Each structure stands twice: as C-alpha cells, then as structure tokens.
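Produce the complete structure using the sequences and hints provided.
Quick note, the sequences are listed as chains A and B, same order.
In this text, residue positions in the first sequence follow this note's numbering: the first is 1, and each later residue adds one.
In this text, residue positions in the second sequence follow this note's numbering: the first is 1001, and each later residue adds one.
Source of the hints: derived by calculation from the structure; they are not laboratory data.
On a predicted model such as this, the values are computed, not experimentally measured, just so you know.
Certain hints may be false.
To be verified - Straight-line alpha carbon distances no greater than 25 angstroms define the calculated BS3-like cross-link-like pairs of lysine-lysine that follow:
hint: 1; chain 1: B; residue 1: Lys1079; chain 2: A; residue 2: Lys416
hint: 2; chain 1: B; residue 1: Lys1079; chain 2: A; residue 2: Lys38
hint: 3; chain 1: A; residue 1: Lys418; chain 2: B; residue 2: Lys1018
hint: 4; chain 1: B; residue 1: Lys1120; chain 2: B; residue 2: Lys1144
hint: 5; chain 1: B; residue 1: Lys1137; chain 2: A; residue 2: Lys418
hint: 6; chain 1: B; residue 1: Lys1120; chain 2: B; residue 2: Lys1042
hint: 7; chain 1: B; residue 1: Lys1024; chain 2: B; residue 2: Lys1042
hint: 8; chain 1: A; residue 1: Lys416; chain 2: B; residue 2: Lys1120
hint: 9; chain 1: B; residue 1: Lys1120; chain 2: A; residue 2: Lys418
As the list claims (entries may be wrong) - Between beta-carbon pairs, the in silico distance windows are:
hint: 10; chain 1: A; residue 1: Ser284; chain 2: B; residue 2: Pro1123; range: 29 to 39 angstroms
hint: 11; chain 1: A; residue 1: Arg125; chain 2: B; residue 2: Glu1076; range: 54 to 64 angstroms
hint: 12; chain 1: A; residue 1: Thr280; chain 2: B; residue 2: Glu1141; range: 47 to 57 angstroms
hint: 13; chain 1: A; residue 1: Arg345; chain 2: B; residue 2: Lys1018; range: 36 to 46 angstroms
hint: 14; chain 1: B; residue 1: Pro1123; chain 2: A; residue 2: Thr54; range: 30 to 40 angstroms
hint: 15; chain 1: A; residue 1: Gly87; chain 2: B; residue 2: Arg1005; range: 49 to 59 angstroms
hint: 16; chain 1: B; residue 1: Leu1011; chain 2: A; residue 2: Glu405; range: 34 to 44 angstroms
hint: 17; chain 1: B; residue 1: Glu1076; chain 2: A; residue 2: Thr54; range: 35 to 45 angstroms
hint: 18; chain 1: B; residue 1: Lys1017; chain 2: A; residue 2: Gly87; range: 51 to 61 angstroms
hint: 19; chain 1: A; residue 1: Gly154; chain 2: B; residue 2: Lys1112; range: 54 to 64 angstroms
hint: 20; chain 1: B; residue 1: Pro1123; chain 2: A; residue 2: Arg175; range: 40 to 50 angstroms
No residue lacks a Cβ here, since even glycine has one placed at the ideal position from N, Cα and C.
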Amino acid sequence: MTPRPSSVAVRPATEPSRLDVARIREDFPALRQTVNGKVLVYLDNAATAQKPQTVLDALRKFYECECANVHRGLHWMSEEATRDYEGSREKVRRFLSASDTKEIVFVRGTTEAINLVGQCFVRPRLGPGDEILITAMEHHSNIVPWQMLCEATGAKLRVAPMNDDGELLMDGFERLLTPRTRIAAVSHISNALGTVNPVARLTEMAHSRGVPVLLDGAQAAPHVPVNVQELDCDFYAFSGHKLYGPTGIGVLYGKEKWLEEMPPYQGGGDMIRSVTFDKTTYNSLPYKFEAGTPHIAGVIGLGAGVDYLNELGLERAGAYENGLLAYATERLRRIPGVRLIGTAREKAGVLSFVIRGIHPHDVGTILDREGVAVRAGHHCAMPVMDRFGIPATTRASFAFYNTREEVDALAAGIEKVKEVFG
Amino acid sequence: MPEVRDLYQELIVEHAKKPRNFGKIEGAEHSATGYNPLCGDKVTVYLTLEGDRVQDIRWEGSGCAISSASASLMTERAKGKPRGETDALFDIFHKLVTGGAVGEAEAAQLGKLAVFSGVKEFPVRVKCATLAWHTLKAALEGTKSVTTD
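Set out below in structure tokens:
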C-alpha cells in the first residue's frame, strides 16, 4: 500500500492563526504537571481532553452551592440547579445550531446516544433482511450496537469501504444505500485516522434515498463547528469529556419529529407525566429520554466547556489545530521508518503512525518516559487496524493548547524509541 | 526514577527482534492461545510432552517487545523441563515482574529471565510479560484459550 502524498503534508505548514497558547495553557491545571521529571506533553486529546479551570469551577460550584435535584424541588437550591441544568441545554442547542432545546437529550456519552437511537428509532423499523449502513472507519461504539441489533432482528450490517488513505469511497457508500437501508451511521471525524468525512454530502445522498442519518460527532464536535440544521442529519451524538467537559455526560441531538415518535429509552422518574398501575403517560421532549436523576453536575460542567470553546472561538481553535497537525505530519514524515496511517486530504486532530519493526505499545511506554502522553493500541477501531494490516498504531491527537514544541518533543521521543530498539 | 533501559534491556530487545522457537509444532498434543484483550497481543504456545517433561515447545503470535521476548525466553527455558519446574518458575517470574520478594535461591533459578526485573516499575506492562506464561500454563492444563483479564 503506497499512500499517495497527502495534501495535509503538501500544504505548507501555515502559521497557526493567532492564539495565545501560553495564556490558554494557564487555564488547564492538568497541563502544569510534570511526568518522570519532565513537563507533561499531553497528546491524547482524542481519548479525552483536559479541563479548563472554568469547568472545574462549575462542577465545584454545583456541589458546593446548589446541590439539589432538578425539575422537582420547590426550594431555591433546586431552582438554581434546574436553571443551570436547563441553561446548559440552551448552550448546547446554540452550539449545535439546533432549532429547539427539545431536540437536545443528555446522555452518558456518544456510546449511549448511539445505543438510544438504535433501540428506540431503528429497532422498531428493523426486520429480517433490512440493512444498517456504517463505514469501514467506525469506532466500536458505532459498530457493536448495530451488530447487536442485527443479531436480534435478522438485519444485515453493511460497511462502506475506504481507500488506502483512509478516505471513504463515496460511490461505495452510495451503492450500499438500498431500499432496505434503515439507517446510515457515520463518523464525522474518524478517531483512529483523523479523516473528516463529507457528512453533509453523505447525508444528502442518504436522504435522497429516504435513509435517515446518524452522525457520530465524538471527535468532530471539539474541533469543527457543527450546524445540525445545515447538515440536516437526523441524529448527532457527541461526548462531553472530549469537549473539555466532564466524563459521563454526552449529547444526543435528534430531529423533533423523530424524537416525538420514538418510545422512551429507559423508564423511571422524571420521564413521566403521570403514573398509575394501569397506565403511564410520558413526559414531553426531551425529558422523555432522561429517566432518573440526570448527571446534573456533568451537564453544568459541559455547559462551562461549551462556554469556554465559544469564548475561544471554535473556528480559530480549529484552524490552529490544523496548522499543528500539518506541522506534526511533516515532522514525522521526515523520520525514517515512520509510516503514517490515515493520510486523507481532509483531516483533523489525529496523527496515527507506526514505526517499522517496533510495536506501538513499546513506542507508547518509551514516549511516556519522555513525558509524552499518546495512545497506543487499536483505538477501539479494530476493523480499521485490520484494513491497514496492522495490530495497532501510536496516535498523537491535538488540542488548541498543544504547541509546536510539544510536537518536537514527540519527534524527539520517537528518535529515542528508535535508539532503544537500535 | 526507572529508565526506559531498565525495561528494554538489550537481551529483551534482541529476543524481540529475533524470537527463538518461533513457529508451530504441527500436530502438537498441547497448545493454547493467550490474548491480552486490552492491547490485542496474542501468543499461541505449542508443546509436546514426554511423560511429564516438556520435550519440545514453540510459539507464535504478535505483540510488543516485552510479550515477544518473554515468549521467546520462556520457551528457551521450558524446553526439557518437567512440568512442576515450569510451574514453579512461573510463580517466581510472576513475583519478579510484580515486585514481590524474590529470595536468593529463587533468583538463582530465574537465570536469564531476571532480565525482566524492570517490568515491575511499569505496572501496565506486567500483562505483556506474563501472557506467554499464562498461555503455557493453559496449554499444560488443557485449556484452549486464556486471557490476561
């Protein structure tokens, strides 16, 4: 497989747009730490992002000052909590440019969002011989829930292929959209390869055949502006913790017409209007999908994360990250023995690579000793590894608080790895 | 502070690059495959017994330098040894890589395997070092597959 020269590398490493990164880094307490006597170089942002002080403060404020349940207390702390909880929903609505907060459902994360859509939207429409379309670059969380549904219903999983650069083959995708396709579930940005999929076009293609679309935005939401109305996707899922917010909280956007007709995901408190032993009527949107006491602190923390990104300017941050990715791509390409995995023309945030003759776990351990935190493994995308004929990769993934010096530390770490393995 | 070289000692790197006893034993009466589901490492151990003694032992699989070198050095060591001895050796090896107290007599039994002493400073790599040993144990006990979980 000869990866053709990618425009990421050919494109000159443009001066990153003006971002006072030194100042920004002060907002992130975790980045001040040292590891093995060296300043932490955190390049594992695709796994989870570090949290700005404002997010930590929001969590603390909730637990210290307004720790109460939402939607049910008559006392002032509950009112405060409810106001901030619903305030976050409005922040997320604006962040995604959704038309109504009814369309914003809080879940545990992208994984739960996908499972919710699978169980409540797709499953009732699914019969033997029906099809679910995904792509070859999906994370396990956008594979396994569909496989489980297929197993339960006799439906078939179809996988749209990609090329050796890790780009989705559009005609391959189109060909697999059939009258039996009940949903197309596609990652907006691949977590293992960094490929940015042309999701607006894919959605249009699917819609022209009457197929609804779910976009897995776990990697995209922190890096590129998302406008669900422009994309016209039916569902969009992302996780709070990759968006500089807390773990355990995520968002499912769904078009109101679909959410309205879907049955609840779980039964419990808060998702009901009235309950008798004979019959229960469900609450209105979005509460129908939020059974039980929600992750109130998480939601409020996520709202603070969204605020932080808004203040920074997601477009500006994304442009800076792209500049950093281009720099890192060129830097690593020059190291003999390094092969980049994922060389799509449109990429964001992620640089996966292998070093000839050296296993990624050994690379990860040695980089860690150098203070450089990366991910080594299959990135919950084992079929992607199979596609490239490798067991694993080392993955560096970037955020706006990373610097060229940190990329240089990564490159120096790789030289060290090669030295150890002589 | 433990250095990278404490883990990746020359003998380990050398065995990782040129693993010994690598390959299959066709029709081996005992074999097992070990997985480390966390990192995807995989080791299959094949062996033939002569009475209670490991007559021949080979392995194949893919993984990091630590798991490959461990499998390589383990097979070198286990060949020709009675079962009881490999069991005892695994116990000592396990203590070595998890930072347990290894007595002088035990240390003497380890021989070349002592090269894995650096693993104890890298707790996430313990499973890499012990994967082959778990697999050997499974093969001897007649279990077909084993995981490090």
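We went through each hint and held it up to the structure:
Our distance criterion of 25 angstroms between C-alpha atoms is broken by lysine 1079/B and lysine 416/A, whose separation comes to about 35 angstroms. Between lysine 1079/B and lysine 38/A the CA atoms are separated by roughly 44 angstroms; this puts the pair beyond 25 angstroms, and the hint is violated. Simply put, lysine 418/A and lysine 1018/B have alpha-carbon atoms about 17 angstroms apart, close enough for the 25 angstroms limit, and the pair holds. This hinted pair does not check out: lysine 1120/B and lysine 1144/B have alpha carbons roughly 28 angstroms apart, beyond 25 angstroms.
Between the alpha carbons of lysine 1137/B and lysine 418/A the distance comes to roughly 34 angstroms, so the proposed pair goes past 25 angstroms and is violated. With a CA separation close to 21 angstroms, the supplied pair lysine 1120/B and lysine 1042/B stays within the 25 angstroms bound. As the CA atoms of lysine 1024/B and lysine 1042/B are separated by approximately 14 angstroms, the hinted pair is consistent with the 25 angstroms bound. Taking the CA atoms of lysine 416/A and lysine 1120/B, the gap is near 22 angstroms; set against the 25 angstroms cutoff, the hint holds.
Taking the CA atoms of lysine 1120/B and lysine 418/A, the gap is near 23 angstroms; set against the 25 angstroms cutoff, the hint holds. Range check, serine 284/A to proline 1123/B: about 50 angstroms between beta-carbon atoms, so the 29 to 39 angstroms window is missed. As the Cβ distance of arginine 125/A to glutamate 1076/B is approximately 59 angstroms, the hint placing it in 54 to 64 angstroms holds. Evaluation of the 47 to 57 angstroms hint for threonine 280/A and glutamate 1141/B yields a pass: the beta carbon distance comes to about 53 angstroms.
With their beta carbons about 40 angstroms apart, arginine 345/A and lysine 1018/B fall inside the hinted range of 36 to 46 angstroms. Remark: the range hint 30 to 40 angstroms for proline 1123/B to threonine 54/A is upheld by a beta-carbon distance near 34 angstroms. A C-beta distance of roughly 53 angstroms is found between glycine 87/A and arginine 1005/B, which places it inside the suggested range of 49 to 59 angstroms. The hint said 34 to 44 angstroms for the Cβ distance between leucine 1011/B and glutamate 405/A, and at roughly 36 angstroms that hint holds.
The given range of 35 to 45 angstroms is broken by glutamate 1076/B and threonine 54/A, whose C-beta atoms sit roughly 57 angstroms from each other. One distance hint, 51 to 61 angstroms for the beta-carbon pair lysine 1017/B and glycine 87/A, holds here, with the actual separation near 58 angstroms. Checked against the hint of 54 to 64 angstroms, the C-beta distance between glycine 154/A and lysine 1112/B comes to roughly 55 angstroms, which is consistent with it. In this structure the supplied range 40 to 50 angstroms holds for proline 1123/B paired with arginine 175/A, their Cβ-Cβ distance being about 48 angstroms.
In summary, the structure is inconsistent with hints 1, 2, 4, 5, 10, 17 from the numbered list given earlier, while agreeing with the others.
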